[in-house]
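Colleague: Next come the chains, spelled out residue by residue.
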Amino acid sequence: MDWLTTVDHKKIGILYLLAGGLFFIVGGLEAILIRIQLIKPQNNFVGADTFNELITMHGTTMIFLAAMPLLFALMNAVVPLQIGARDVAFPFLNSLGFWTFFFGGVMLNVSWFTGHVPDAGWTSYVPLAGPTYSSNHGIDYYVIGLQIAGIGTLLGGINFMATIINMRAPGMTFMRMPMFTWTIFVTSVLIVFAFPALTVGLVALMFDRLFAANFFEPGNGGNTVLWEHIFWVFGHPEVYILILPAFGVISEVVSTFARKRLFGYSSMVFATFLIAFLGFMVWAHHMFTTGLGPTANALFSIATMLIAVPTGVKIFNWLFTLWGGSIRFTAASLFAIGFIPTFVMGGVTGVMLASAPADFQYHDTYFVVAHFHYVIVGGLIMGIFAGLHYWWPKMFGRMLNETLGKLTFWTFIIGFHMTFFVQHFLGLLGMPRRVWTYLPGQGFDTLNLISTIGAFLMGVGTICFLINVVATSVKPRNAADDPWEDGRSLEWSIPSPPPEYNFKQTPLVRGYDAWWKEKMEGNREMTPAEPVGPIHMPSPSILPLVMSIGLFIAGFGFMYHRMYLIVIGLVITFGCMFLRSVIDDHGFHIEPEEQERGVHA
Amino acid sequence: MSAHEQAEGYLPHEPEKATLEGRNKILGFWIFLGAETVLFGTLFSAFIALRHNVMDGPTPAHLFELPMVFAATMILLTSSLTSVFAVQAMHRHKVGQMIGWLIVTVVLGLGFLGLEITEFNNYANEGHRFSTSAFSSSFYTLVGFHGGHVAFGVLWISLLIAQIFKKGLTTVTAPKIYVSAIYWHFIDVVWVFIFTVVYLMGKVG
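Residue numbers (the numbering used here), protein chains in the order written: chain C, 2 to 602; chain U, 2 to 206.
Calculated directly from the structure, the hints in this document are not laboratory data.
The beta-carbon is built from N, C-alpha and C at its ideal position, and this holds for glycine as well.
A portion of the hints provided could be inaccurate.
Residues from chain C shown here face chain U by an in silico Cβ test under 10 Å; the list is partial [claimed, not checked]:
| hint | residue |
| --- | --- |
| 1 | L94 |
| 2 | Y134 |
| 3 | L155 |
| 4 | G158 |
| 5 | V190 |
| 6 | P197 |
| 7 | A198 |
| 8 | G202 |
| 9 | F208 |
| 10 | F216 |
| 11 | N221 |
| 12 | H230 |
| 13 | I377 |
| 14 | V378 |
| 15 | I569 |
Per the computed footprint, the stretches of chain U lying under chain C, defined by three or more beta-carbons under 8 Å from a beta-carbon of chain C, are [claimed, not checked]:
| hint | segment |
| --- | --- |
| 16 | 18 to 25 |
| 17 | 29 to 39 |
| 18 | 50 to 64 |
| 19 | 88 to 98 |
| 20 | 164 to 175 |
So the derived label-pair ranges between C-beta atoms look like this [unchecked claim]:
| hint | chain 1 | residue 1 | chain 2 | residue 2 | range |
| --- | --- | --- | --- | --- | --- |
| 21 | C | H590 | U | I183 | 28 to 36 Å |
| 22 | C | E592 | U | K18 | 41 to 49 Å |
| 23 | C | F175 | U | S132 | 32 to 40 Å |
Working from the sequences, and respecting the hints, build out all of it.
Modeller: The following block contains the structure:
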C-alpha cells in the first residue's frame, strides 16, 4: 500500500525500474519470437499477421514502455541526490507520471488478450494505420495507450526541468552539475518540446479512426505525409531523449572508474545542447524516399551529418578521460567501456544513412535495423546496464555480484554483436525489414541463423542479470555510503539507500565533483549549508493511482464507444483533480530526533 | 520555509512567489505552457497543411462570419485584461477586488464560449461538419482544442474563486491564482493566432 501512494522520488524510481523491467522482458520475448521466426527461410513458426503484431509491439514496447521508464528510473533515483535536493519539485506529479505511464503500457498490452493487436509498425504510418486498412481495434490500443503513457512522460519532463532549475543545493551552479544531471536536464527539455507533437498526431489519428475525421484520409482531402512529418518531428528528438541520458551515465561511470575528472566537462555540456538542438532539425531524414525533393533532402542530409561532430566530441572526451587513468574494470565500467566502440559503430552507420542518395539503397532494409539497434541497444541499453550496476548500491543498499555482472556483460555484448553486426550485411544484400519470411538461396540463411543465436545469447545475458538481482536481494543491506570508494558526486556522500529526506542538512557545494573535492581535502562528509532542523516532507497520496485508473477506463470507453465508461473514467479523473485542488497538502515534518534514529526509505 | 507556516502570518507583496512551492509551481507552469505551445503549433501546422482541402463542403470565405468572430476576439482580449487586474489586486492584497475581477473574467470566458458554440452550430447547419473534409476536421480540432482550453479555464478559475472564499488569500492559494492567470493569457494569445491564421487568412483565401 505504501508503494501505491508514495511520492518519494527514490521509491518512484524503483517502481519505474520494476515496471520498465517487466516491459523490457515482454519486449525482449517478442524479439526472441521474431528471431525464431527468421531463423531459417520459409519458417512457419508464427503467421504473417502475428509477425506484424510482434514487430509493432516489440518496437513500441521497447521505446515507450521499457527504455524510457528505465531512464526515468535512473533519473528519479539519482538526479535529486546529485543536486543536493530533498525531493523533486513536484512529488505528486512524479507519482502521477509513473501511474499514467504504467496504465498506458498496460492498456497497450491488454491488446494481446482482446485479440486486436497493433500491427502497423511502431511508426504506425497511415493509411495502413487508418480506419480503411486497420478496421479492428488494434491501432486504437496504440493511439490511446500511447496518449495515456505520453502524459506521464510529459509530466516527468516538466518535473525534472523545474527540479534541476529550482532545487539545486547552495553552491551547485549549473556548471558544477554532474554530467548525468546535465543530460537529464537537456532530455527533459526535449521531452517537453517533442512529446506534445506526438500527442497531436495520436489525437488526429484517433479522431480519424473513432470519429470519422479526415486528417489522414486522402479521399476526403487528408494528407498521409502529414502523419510522417508529425511522427518524426516527435520521433527524431525521441532518439536523443533516449541516448542523451545514456551519455550522462557513461560520463559518470567512466570518470568514477578511471578515477579522473571528466575530460572536457564544458565541451560535454555544449555538445549535449548542440545534439539536442540539431536533433530537432533532422526529422525528415527518416523521409528521404517520401519525395520531398532534392533541396529538402540535401538540407536534412547535411544537418544530420553535423550531429556527428558534437557526438564525436563526446566520444573523444570519454577516451581522454580513460587515458592515463587507473581504470578499475568493474561490471559497470565494462558496460561503459564496451559502450564506446559499439556506439561509434552505430554512429558511423548513422552518417552513412544520412547521405540521402545512399539512403535510397539502405531504406527499409536490415541495414537500418542494424543501425538503430546499435545506437539503442548498444548505446542506451548498455548505458542503462552500466547505470544499474553503478547505482544499484545507492538504490537498494546492496552491491550486485561482480562475477555475475561481468558474465552479464560478456554474454550480452557478444550476443548483441552477433545479432546485429550481421544484419548490416543482410541489409546490404537486400533483405527488407518487417517481412515475416524469406526464400532460401539468397545468401540470407547463415546470417539470419547467426543473428538468432546472438539474440538467444542476449537473452542469457538478461537472465544472468535477473539472477544477480534475485541473489543480491537476499543478501544483507550493507553497502557503504560510497561503495565504489571513488564516488565523485553528492549521491555518494549520504547513506545507501538514503533516508527518505535524502540530506539531513542541505550540503554546501564548493566545486565540480563536489564530494570528490571534500574527500581530497580530507573531509569525511559534506560541509552543511544549514543547521539541523525539522524537515518538511510531502504527504503520500492515492490520487495519482486513481486518476490514472480513471483515464484507463475512459480510454476503453472511447475505444469501444461506451458512453458510460467514458463518463465514469473522466469523472474519476477530474474528480481527483478537483480533490487535489481543494484539499491543501500541508505535508509533515521529520524532527531532528527522528532523523537520528534514521528513517530509511 | 513551508507553505503553511507562512500562510498564517504576514502576507508578502508577491504572495505567489513567497514559498519554494509557489516558485516551483510558477516555473513548472511556464514549462507546461512551452509544451502547450508545441501542441498548438502542431495543430496549426496540420490546419495550414489541410485548410484548402474543402472537398464538397463550404469554403472558409463563404463560411466565416467575421463580425461574430471579432466580437468573440474582443471579449477574450478584454478577459485577459480583467485577469491582469485580478492579479494586480492580489498584489495589493485587495481580496474583494480580486474576486470581482476574476468573476468578470469567468463571465467573459463564458460569453466567448457561448459565441463559439453558436458559431459552430451555424457552421454545422451549413454543411460544415467534423467529418465533411480534411479542412473541417482540422478546423474543428484546432478551434475546438482552444475552446476546450477556455472551458477548462472557466471551470478552474471558478473553482479557485470558491477556494478564495473559503481559505482566503494565502501563500498556498496565491500561486494558483497567478498560474491560472498566465494560463488565461496563454489561451488568449493562441486565440490571436487562430483569429489571424484561421479566420482572416480564410477570408482572403
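Colleague: With a cut-off of 10 Å, does the beta carbon of G158(C) approach a beta carbon of chain U closely enough for the hint to hold?
Modeller: holds, 8 Å
Colleague: Should the hint that V190(C) touches chain U count as held when the rule is a Cβ pair under 10 Å?
Modeller: holds, 9 Å
Colleague: Given a cut of 10 Å on the nearest C-beta pair, is the interface hint for L94(C) held or broken against chain U?
Modeller: holds, 8 Å
Colleague: Does 32 to 40 Å hold as the CB distance between F175(C) and S132(U), or does it fail?
Modeller: violated, 50 Å
Colleague: Tell me if A198(C) is really an interface residue toward chain U, meaning its C-beta lies closer than 10 Å to one of theirs.
Modeller: For A198(C), the interface hint holds, since the closest Cβ of chain U sits about 5 Å away, which is under 10 Å.
Colleague: Should the hint that I569(C) touches chain U count as held when the rule is a Cβ pair under 10 Å?
Modeller: violated, 19 Å
Colleague: Could you check if Y134(C) really has its C-beta closer than 10 Å to a C-beta on chain U?
Modeller: At about 18 Å, which exceeds the 10 Å cut-off, the nearest Cβ of chain U leaves the hint on Y134(C) violated.
Colleague: Under the criterion of a CB-CB separation shorter than 10 Å, is F208(C) in contact with chain U as hinted?
Modeller: holds, 6 Å
Colleague: Cut-off 8 Å, C-beta pairs, minimum 3 residues; does the coverage of the segment 88 to 98 of chain U by chain C stand?
Modeller: It is violated: at least three residues are needed, and the segment 88 to 98 of chain U offers just 0 whose Cβ sits closer than 8 Å to chain C.
Colleague: Given a hint of 41 to 49 Å, does the C-beta separation of E592(C) and K18(U) actually sit inside it?
Modeller: violated, 28 Å
Colleague: Any CB of chain U closer than 10 Å to the CB of G202(C)?
Modeller: holds, 7 Å
Colleague: Have a go at the I377(C) hint: is there a Cβ in chain U nearer than 10 Å to its own Cβ?
Modeller: This hint is violated: I377(C) lies away from chain U, its Cβ roughly 24 Å from the closest one there, beyond 10 Å.
Checked against the numbered hints given earlier, this structure breaks hints 2, 13, 14, 15, 19, 22, 23; the rest are met.
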